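Asks: Those protein sequences? They're chains A and B, same order as listed. The numbering used here puts the first residue of the first sequence at 1, with every later residue one more than the last. The numbering used here puts the first residue of the second sequence at 1, with every later residue one more than the last.
Hints in this document: simulated from the structure, not taken from any laboratory. None of these values were measured; they are calculated from a predicted model. A virtual CB, placed ideally from N, CA and C, is assigned to each residue, including glycine. Any given hint could turn out to be false.
Computed Cβ-Cβ distance ranges for the label pairs, DEER-style [as the list claims (entries may be wrong)]: (1) B:Ala5 to A:Thr150: 22 to 28 Å; (2) B:Gln312 to A:Pro190: 38 to 44 Å; (3) B:Asp304 to A:Lys266: 48 to 54 Å; (4) B:Ala289 to A:Val70: 38 to 44 Å; (5) A:Pro267 to B:Glu231: 39 to 45 Å; (6) A:Ile92 to B:Pro242: 52 to 58 Å.
Stretch by stretch, here's where chain A covers chain B in the computed footprint (C-beta under 8 Å, at least three residues) [claimed, not checked]: (7) 164-174; (8) 177-186; (9) 190-203; (10) 211-217; (11) 253-260.
Every beta carbon over 10 Å from chain A, so not counted as near; a handful from chain B, in silico [claimed, not checked]: (12) Glu241; (13) Gln312; (14) Ala331.
Protein chains: 2
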Amino acid sequence: MSDNAITVPPEIANAIDTAHRIAVITHVAPDGDAIGSCLGLTHLLRNLGKDAIPVCQDPVPYIVNWLPGVEEFVRKAPADVDLVISIDLSSIDRMGDAYDAGTLGHIPLVNIDHHVTNTYFGHVNWVEPRAVAACEMVYHLALAFGYPITPQIATYILTGLLTDTRGLRTANVSARVLRVVTHLVELGAPIGEITELTFNRRPLAIVKLWALALPNLRVEPEGIIWLVITEAMRQEAGYDEPGDGGLVSFISTAEEAYIGVVFTEKPDGTVNVSMRARPGYDVARVAFALGGGGHPQAAGATIDGPLDTAVQRVIHALREALTEQKAARAAVPQPAHAGK
Amino acid sequence: MSDNAITVPPEIANAIDTAHRIAVITHVAPDGDAIGSCLGLTHLLRNLGKDAIPVCQDPVPYIVNWLPGVEEFVRKAPADVDLVISIDLSSIDRMGDAYDAGTLGHIPLVNIDHHVTNTYFGHVNWVEPRAVAACEMVYHLALAFGYPITPQIATYILTGLLTDTRGLRTANVSARVLRVVTHLVELGAPIGEITELTFNRRPLAIVKLWALALPNLRVEPEGIIWLVITEAMRQEAGYDEPGDGGLVSFISTAEEAYIGVVFTEKPDGTVNVSMRARPGYDVARVAFALGGGGHPQAAGATIDGPLDTAVQRVIHALREALTEQKAARAAVPQPAHAGK
Chain A
1 MSDNAITVPP EIANAIDTAH RIAVITHVAP DGDAIGSCLG LTHLLRNLGK DAIPVCQDPV
61 PYIVNWLPGV EEFVRKAPAD VDLVISIDLS SIDRMGDAYD AGTLGHIPLV NIDHHVTNTY
121 FGHVNWVEPR AVAACEMVYH LALAFGYPIT PQIATYILTG LLTDTRGLRT ANVSARVLRV
181 VTHLVELGAP IGEITELTFN RRPLAIVKLW ALALPNLRVE PEGIIWLVIT EAMRQEAGYD
241 EPGDGGLVSF ISTAEEAYIG VVFTEKPDGT VNVSMRARPG YDVARVAFAL GGGGHPQAAG
301 ATIDGPLDTA VQRVIHALRE ALTEQKAARA AVPQPAHAGK
Chain B
1 MSDNAITVPP EIANAIDTAH RIAVITHVAP DGDAIGSCLG LTHLLRNLGK DAIPVCQDPV
61 PYIVNWLPGV EEFVRKAPAD VDLVISIDLS SIDRMGDAYD AGTLGHIPLV NIDHHVTNTY
121 FGHVNWVEPR AVAACEMVYH LALAFGYPIT PQIATYILTG LLTDTRGLRT ANVSARVLRV
181 VTHLVELGAP IGEITELTFN RRPLAIVKLW ALALPNLRVE PEGIIWLVIT EAMRQEAGYD
241 EPGDGGLVSF ISTAEEAYIG VVFTEKPDGT VNVSMRARPG YDVARVAFAL GGGGHPQAAG
301 ATIDGPLDTA VQRVIHALRE ALTEQKAARA AVPQPAHAGK
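Make the full structure from the sequences, and use the hints.
Replies: See the structure below:
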């Protein structure tokens, strides 16, 4: 990963300059970076005198529901805008119902995204996979064009940056990223409060879900650690959000494990499989083979149930993949302290 | 908290200049900052041509046992040194058996520490409570005196700084601290690897302990969340380190809780009580009343068993304290987004 400066296409400033009413749309099932970048950009534009509207098909997730202004999101972009900016999404369908091509297809579309898989669907496309978050791109955009970053905007941007890097704990956190974080704090983003509200706070239902799910933890001798979350557990815990409440990340920290897996039973009988691998190992290929996707260290898929059959199938595939990967690693020398 | 520059007393450089063989001693029951600052300073001194020895009475804890050179620690400072530097400890007894006053009392002692409770027991005392970690002081010392910070030394310093700030998640993380972190990364500290080894890795025994302890989670209607760790659970999990394996921090994140408590039964029949409070609430006063100590947000005590009696006593005291604190808070307006 290069640590060089990130540059911003000047066409984006031109598009903004001539626009009056702008829809800023982020992706379905938004995460902290989607919400933070969308609100950050919206407020930058408003401070320029633009009429800017944050748009997202789905509700704001718990982790960032404390941000000021989250109630301003609308589910669908209005038809009377003269510019659409999409943020943090790699293909046009990721806007879901928020973007109606029938009414908006003729409006200029600026595509701002940090996913390497971006399909360049905009009239102007700024795709920067080196950015650790869409929020980092909003920061560079503001700096490049001289848009003022208020404390509130710095808060949006830093919140998204922190969530996409799991609190600066991902491998792509470089000196450049730390300089951005430092500057945002200097600009007034309250990093302590953001961290408290984003990382030190979860619904009691998640704690209860962990209490119900952890006792059935299983450890395979090869170094695969896994557990299941049944629909009954989710109901008993009162946990109605999607996802595993962070369980796969937690069990995967066990030093004895190369791979961690959580199987979550869904109401429709399918099974969500969420996998993590230590650096140096890979769960993406197994996820692809199961019809899912992801990165080497974090991948997933949704497969047919019932639960028992799904577990057997996935554990079998992971066992084979792990045996193969261990053999490949044994054939090349490994750097010191690079994990197991 | 001030964000002004931290200055280093020049007397420390004088003491180092005239010394040849230096014992660098850190505190009993060392944490990541103790080990990181002790090794960082040791290596700075060695690069100046000094014979420097890292000293600690107790073993290096799991969280930083991956650092290079941890095997060089000796349990007791040799008698033939001509300078002693204590690092990260507030009173002379915190060195335990590592410091023998009978043989070392006449040797110059430099006291470097960031605890506000420091007793100024050295011949030279540099106490800087604004520093978020003793490691931050080692950084400023190296910069002030022009001692070169190699990538290995930057790694020691950053590791201790990250552990004492729980991965930059404490309220004292300021722009100054972030500038230090950025510089250490620029100097070659591999922040991604440090984070992976320090925060994304724990013994399987801890995961098993959580699986055994979490099912007995209890939530009091007042907003106190608690559980017990019995000696039988610790044995079944195979967890033989002190502490609760992070459980009190985890359960205290539940949004519905103002206070979290973990009761750990000890082999001698006493009970360790570990408490956490949300910002704005205080568990230190209850800890003091129980004969323990700590800070408003994190405090603890060791009290008489049996477990049931200890639980009743503490929950009763916390209930009263919480009722009182809620009443006091209700009487003054609270800032927005400052938690409940």
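Asks: Now look at each hint and say whether the structure bears it out.
Replies: Evaluated hints:
| no. | hint | result |
| --- | --- | --- |
| 1 | B:Ala5 to A:Thr150: 22 to 28 Å | holds (27 Å) |
| 2 | B:Gln312 to A:Pro190: 38 to 44 Å | holds (39 Å) |
| 3 | B:Asp304 to A:Lys266: 48 to 54 Å | holds (49 Å) |
| 4 | B:Ala289 to A:Val70: 38 to 44 Å | holds (41 Å) |
| 5 | A:Pro267 to B:Glu231: 39 to 45 Å | holds (41 Å) |
| 6 | A:Ile92 to B:Pro242: 52 to 58 Å | holds (55 Å) |
| 7 | 164-174 | holds (count 8) |
| 8 | 177-186 | holds (count 6) |
| 9 | 190-203 | holds (count 11) |
| 10 | 211-217 | holds (count 5) |
| 11 | 253-260 | holds (count 5) |
| 12 | Glu241 | holds (13 Å) |
| 13 | Gln312 | holds (22 Å) |
| 14 | Ala331 | holds (23 Å) |
Of the numbered hints stated above, none is contradicted by the structure.
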